[in-house]
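Chain by chain, the residues:
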Amino acid sequence: MNVVIMGSGRIGARIASSLATDGHVVSIIEPSRTQVMNLPRAQVDSGEIRLVVGDGSSSVSMLDAGIEDADVFLALSGDDALNGLAAQKAKTVYRTRRVVCRVKDEGLRELYTSLGITVTSPTTLVSDVILQTVPDIA
Amino acid sequence: MYIVIIGAGRIGFGLAQSQLASGQEVFLLDNNHERVETLRSTFGSIARLGDGTNVTNLREAGIARAGLFIAATGSDAVNLAACQLAKQVFNVPSTVAVVVDPENASLFEMLGVDDVVSLTDLAMTRLAASVPAHPVVRLMPIAGRNREMVAIKIPAGAEVVNRMLSEIVLPYGSSVILVIGPTGQTEEPRLDTVLGAEDEVIVVTPVEGTQTLWETLTEMP
Numbered sequence: 001m002n003v004v005i006m007g008s009g010r011i012g013a014r015i016a017s018s019l020a021t022d023g024h025v026v027s028i029i030e031p032s033r034t035q036v037m038n039l040p041r042a043q044v045d046s047g048e049i050r051l052v053v054g055d056g057s058s059s060v061s062m063l064d065a066g067i068e069d070a071d072v073f074l075a076l077s078g079d080d081a082l083n084g085l086a087a088q089k090a091k092t093v094y095r096t097r098r099v100v101c102r103v104k105d106e107g108l109r110e111l112y113t114s115l116g117i118t119v120t121s122p123t124t125l126v127s128d129v130i131l132q133t134v135p136d137i138a
Numbered sequence: 001m002y003i004v005i006i007g008a009g010r011i012g013f014g015l016a017q018s019q020l021a022s023g024q025e026v027f028l029l030d031n032n033h034e035r036v037e038t039l040r041s042t043f044g045s046i047a048r049l050g051d052g053t054n055v056t057n058l059r060e061a062g063i064a065r066a067g068l069f070i071a072a073t074g075s076d077a078v079n080l081a082a083c084q085l086a087k088q089v090f091n092v093p094s095t096v097a098v099v100v101d102p103e104n105a106s107l108f109e110m111l112g113v114d115d116v117v118s119l120t121d122l123a124m125t126r127l128a129a130s131v132p133a134h135p136v137v138r139l140m141p142i143a144g145r146n147r148e149m150v151a152i153k154i155p156a157g158a159e160v161v162n163r164m165l166s167e168i169v170l171p172y173g174s175s176v177i178l179v180i181g182p183t184g185q186t187e188e189p190r191l192d193t194v195l196g197a198e199d200e201v202i203v204v205t206p207v208e209g210t211q212t213l214w215e216t217l218t219e220m221p
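The listed protein sequences derive, respectively, from chains S and B. Under this note's numbering, the first residue of the first sequence carries the number 1, and numbering increases by one thereafter. Under this note's numbering, the first residue of the second sequence carries the number 1, and numbering increases by one thereafter.
Bound conformation, chain S alone (with noise of 0.2 angstroms):
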């Protein structure tokens, strides 16, 4: 499959190696040059991950990285406002099939998905989780 990804972080990051191993084809949108750091050189270099730095929300970047043929956009930046505007873009203006936008803030996860975007939290995964690790005092 297709896949733009929106973010370099340490999740951004991590899910575009994953994905460029098992074989898809993975751009990744990054505004920040020294934020690139956390993508897997070798993959880069290979050309399995394609690496696009600019805004990740302007049609440039986005067309850059191929967004009209993705069958995937991940929107995974830190700014809850960004990721919803770009993967709203991604919906409205190039009908990415499958968008999902990570978002931190309670109240923006709650518009977003009434808006019909799937939403991921990774504070609300992490907590979860942790959670789940101490049954006891859950």
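Quick caveat, the hints were computed from the structure, so don't treat them as lab data. In this text the structure is predicted, and so the values were computed from the model without any measurement. Glycine is no exception: its CB is placed at the ideal position from the N, C-alpha and C atoms. Hints may be right or wrong, so weigh each one.
Derived CB-CB ranges, DEER-like [to be verified]: (1) Ser18(B) - Ser46(S): 53 to 61 angstroms; (2) Asp22(S) - Glu215(B): 24 to 32 angstroms; (3) Gly54(S) - Ala128(B): 21 to 29 angstroms; (4) Ser59(S) - Glu167(B): 36 to 44 angstroms; (5) Gly54(S) - Ala21(B): 41 to 49 angstroms.
Derived lysine-lysine pairs resembling DSBU-like cross-links, with alpha carbons at most 30 angstroms apart [as the list claims (entries may be wrong)]: (6) Lys91(S) - Lys87(B); (7) Lys91(S) - Lys104(S); (8) Lys87(B) - Lys104(S).
Start from chain S and add chain B according to the hints.
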């Protein structure tokens, strides 16, 4: 009317000033301490520190009873998220977003923001009007009608020079509302109005017809 504004930069400050002067009730949210203090020391307690994309902060600003919500921070993404919260969560009847990136304007309208103000488009309009050879000057969008008012200067030697308006086929839905001669005299257009070189023609046109309109009025034989 009660107006909630997020972003107390130059736009937010100016809005607060003009709306207070005209007797409206205004409240501003900004995440910058200094900007909030400037507003409070100038206008009293009409501002507080807060995040425009945070439901709790918006609720504390009294957004639930606002008749108008204006998102004027420097971030397009924040302005969209805030307007969507205002509409979806708090049912604010009217929302306005300022955008820096002009390509976000139509997207935000599609996503339900009632009115979008594109700073870049506004600046480009003014700049286009102050340089000598301008193709089309977009004077004003006609809100909610998918039409805009534009000004086009007829170049010397264009095919339409010395022709009557009734002879010129304009895009469907376009109408000439004013013709301004090279020395500034204005003429209300009639069917027998003859266009001259260097005339400035003011037209209201469907947005998708603007390009054709420009080609028609500037085409050389």
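Comparing the hints with the structure gives:
no.: 1; hint: Ser18(B) - Ser46(S): 53 to 61 angstroms; in the structure: holds, 58 angstroms
no.: 2; hint: Asp22(S) - Glu215(B): 24 to 32 angstroms; in the structure: violated, 51 angstroms
no.: 3; hint: Gly54(S) - Ala128(B): 21 to 29 angstroms; in the structure: holds, 27 angstroms
no.: 4; hint: Ser59(S) - Glu167(B): 36 to 44 angstroms; in the structure: holds, 41 angstroms
no.: 5; hint: Gly54(S) - Ala21(B): 41 to 49 angstroms; in the structure: holds, 42 angstroms
no.: 6; hint: Lys91(S) - Lys87(B); in the structure: holds, 20 angstroms
no.: 7; hint: Lys91(S) - Lys104(S); in the structure: holds, 20 angstroms
no.: 8; hint: Lys87(B) - Lys104(S); in the structure: holds, 20 angstroms
Checked against the numbered hints above, the structure violates only hint 2.
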